[in-house]
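Visitor: The listed protein sequences derive, respectively, from chains A and B.
Under this note's numbering, the residues of the first sequence are numbered 1 to 92, in order.
Under this note's numbering, the residues of the second sequence are numbered 93 to 450, in order.
Treat the hints as calculated values from the structure; they're not laboratory data.
Computed from a prediction, not measured in an experiment: that's the story for all the values here.
Be careful, since some hints might not be right.
Claimed, not checked - Derived DSS-like pairs (lysine-lysine); straight-line CA-CA distance at most 30 Å:
#1 Lys99/B x Lys183/B
#2 Lys130/B x Lys99/B
#3 Lys108/B x Lys183/B
#4 Lys108/B x Lys51/A
#5 Lys130/B x Lys108/B
#6 Lys99/B x Lys51/A
#7 Lys183/B x Lys130/B
#8 Lys130/B x Lys51/A
Spelled out from the first residue to the last, the chains are:
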Amino acid sequence: MASVTVHLPSLLVDATGCAPELPIEAVTLADALERLMELHPTLRVHLFDEKGRFREHVLCFHNEDNTRWRRDLSARLADGDTIRIMQAVSGG
Amino acid sequence: MKKQAGKVTVLVGTLKGAFVFRSAAQRSNWTIDGPLFKGWRVTAAERLPDGTFLAATASDVYGPALHRSRDLREWSQIEHGPTWPHGSSRKLNQIWRLAAGHGRVLAGVDEAGLFFSEDGGDSWVPVEGLNEHETRSAWFPGAGGLCAHAILFDPAHPHRIWCGISAVGVFRSDDGGATWHPKNRGVRVIIADQVQKEIGHCVHGLAQDPLDANTIYRQDHAGMYVTRNGGDTWESAENGLSSGFGFPIAIDRSSGRLYAVPLEADEFRIPPGGALRVFRSGDRGASWEPLTSGLPQSHAYMGVLRGALETDSLDPCGVYFGTTSGTVHFSADGGDSWRTMPCVLPRVLSVSVFAGST
Numbered sequence: 001m002a003s004v005t006v007h008l009p010s011l012l013v014d015a016t017g018c019a020p021e022l023p024i025e026a027v028t029l030a031d032a033l034e035r036l037m038e039l040h041p042t043l044r045v046h047l048f049d050e051k052g053r054f055r056e057h058v059l060c061f062h063n064e065d066n067t068r069w070r071r072d073l074s075a076r077l078a079d080g081d082t083i084r085i086m087q088a089v090s091g092g
Numbered sequence: 093m094k095k096q097a098g099k100v101t102v103l104v105g106t107l108k109g110a111f112v113f114r115s116a117a118q119r120s121n122w123t124i125d126g127p128l129f130k131g132w133r134v135t136a137a138e139r140l141p142d143g144t145f146l147a148a149t150a151s152d153v154y155g156p157a158l159h160r161s162r163d164l165r166e167w168s169q170i171e172h173g174p175t176w177p178h179g180s181s182r183k184l185n186q187i188w189r190l191a192a193g194h195g196r197v198l199a200g201v202d203e204a205g206l207f208f209s210e211d212g213g214d215s216w217v218p219v220e221g222l223n224e225h226e227t228r229s230a231w232f233p234g235a236g237g238l239c240a241h242a243i244l245f246d247p248a249h250p251h252r253i254w255c256g257i258s259a260v261g262v263f264r265s266d267d268g269g270a271t272w273h274p275k276n277r278g279v280r281v282i283i284a285d286q287v288q289k290e291i292g293h294c295v296h297g298l299a300q301d302p303l304d305a306n307t308i309y310r311q312d313h314a315g316m317y318v319t320r321n322g323g324d325t326w327e328s329a330e331n332g333l334s335s336g337f338g339f340p341i342a343i344d345r346s347s348g349r350l351y352a353v354p355l356e357a358d359e360f361r362i363p364p365g366g367a368l369r370v371f372r373s374g375d376r377g378a379s380w381e382p383l384t385s386g387l388p389q390s391h392a393y394m395g396v397l398r399g400a401l402e403t404d405s406l407d408p409c410g411v412y413f414g415t416t417s418g419t420v421h422f423s424a425d426g427g428d429s430w431r432t433m434p435c436v437l438p439r440v441l442s443v444s445v446f447a448g449s450t
């Protein structure tokens, strides 16, 4: 079990009342996200679509890696890892 | 009888949050608070019979959500809002309308559908008879998306409900929502389907006569219409309007007077001649008169969206609307004169009025 920190964007902090940084204990990235949903179930509708996938413009970074480029969310976590939820915004 | 006691609260939902305007019933001095839900679209709000408020928010990135408050100040998100079933190919993009009636709350959503709650919004059930209607395969989104945005009840007949869906038309249920029937006869069709001849009508807004639930006024893409028989047949009702095209329609629930904001159809969607005019009908849609006092009559090129015009329940009636340019205008004398709130907000999406509120 690793101790990691989840960072949430301001829009979700304001909407759900979550803290912007959340400590989570989990083994894998998938476990951490599920634990996050257990602790703050109102986040689920904002992060995942009707098919259970990350919404199209929601990004999830594990440390420096965009999880979109990984095959799945089975990566094992290490103490001190960060999971950062971001919005993919382009244009100006 | 004059109804001047209490207070008026107007919740203006915009592209980037909601703003709350409060006044005594005289409606001469207002306070402005906000933004609530900063950064979120605020698309609809409703007060339930127990005094609880619901507000719908949405984000292009983070999807839709429903929030509850007792005082319009502190809000908490409801965990299980309306949603399409897990695995569905439909997306719930936003909640367009919340309407309380007969012990239920109904939510009209995009992609078009209707949901109801019997526990004040904690859980929601899809209205399958409409959502899976036999014409569904021919429903096609318009410029405003594919949205269920208008919901009406019959106070005397709990099982009769109307729902308006953009680019599809009006449906009526006479059995509490189990089955639904298109009700668009007499309305000019926008895009006729080859098979489903009763849809393809682009209803923009509905307003119901307070004394006769079967008299309904319809601001449609194709013009202004009225039905006197619950939607079985519709007839044109745009005598005096500067344009048949527009989005919102509202009614003074005391006098039955109607309010609409015509726009130049339909590629332009701006006030005809650059003059922002509300039109009022005092004879149940037979004729309309322009209301201009206090509204910009030149170089005004904003729109007014379908959810952005509302009345209060005081006498004389208060009328409120917000524009796509972020201005908010109101009349405290039934439309005879208008004032502009001292603010410029983001694009206004919804206006909800709660007389006697906090």
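Visitor: Evaluate each hint against the coordinates.
Guide: Results for each hint:
Using a Cα cut-off of 30 Å, the hinted pair Lys99/B and Lys183/B is violated, with the two alpha carbons roughly 39 Å apart. A threshold of 30 Å between alpha carbons decides the hint, and for Lys130/B with Lys99/B the separation of about 25 Å falls inside it, so the pair holds. Distance restraint check for Lys108/B and Lys183/B: the Cα-Cα separation of roughly 22 Å lies within the 30 Å cut-off, and the hinted pair is therefore satisfied. Distance check on the hinted pair: Lys108/B and Lys51/A sit about 27 Å apart at the alpha-carbon level, within 30 Å; holds.
A hinted pair counts as satisfied when its Cα atoms are at most 30 Å apart, and Lys130/B with Lys108/B qualifies at roughly 6 Å. For the hint pairing Lys99/B with Lys51/A, the CA-to-CA distance comes to about 45 Å; that exceeds 30 Å, so the pair is violated. For a cut-off of 30 Å, the pair hint linking Lys183/B to Lys130/B stands: about 23 Å separates their Cα positions. For the proposed pair Lys130/B and Lys51/A, the alpha carbon gap of about 28 Å is at most 30 Å, so the pair holds.
When held up to the earlier numbered hints, the structure conflicts with 1, 6 and fits the remainder.
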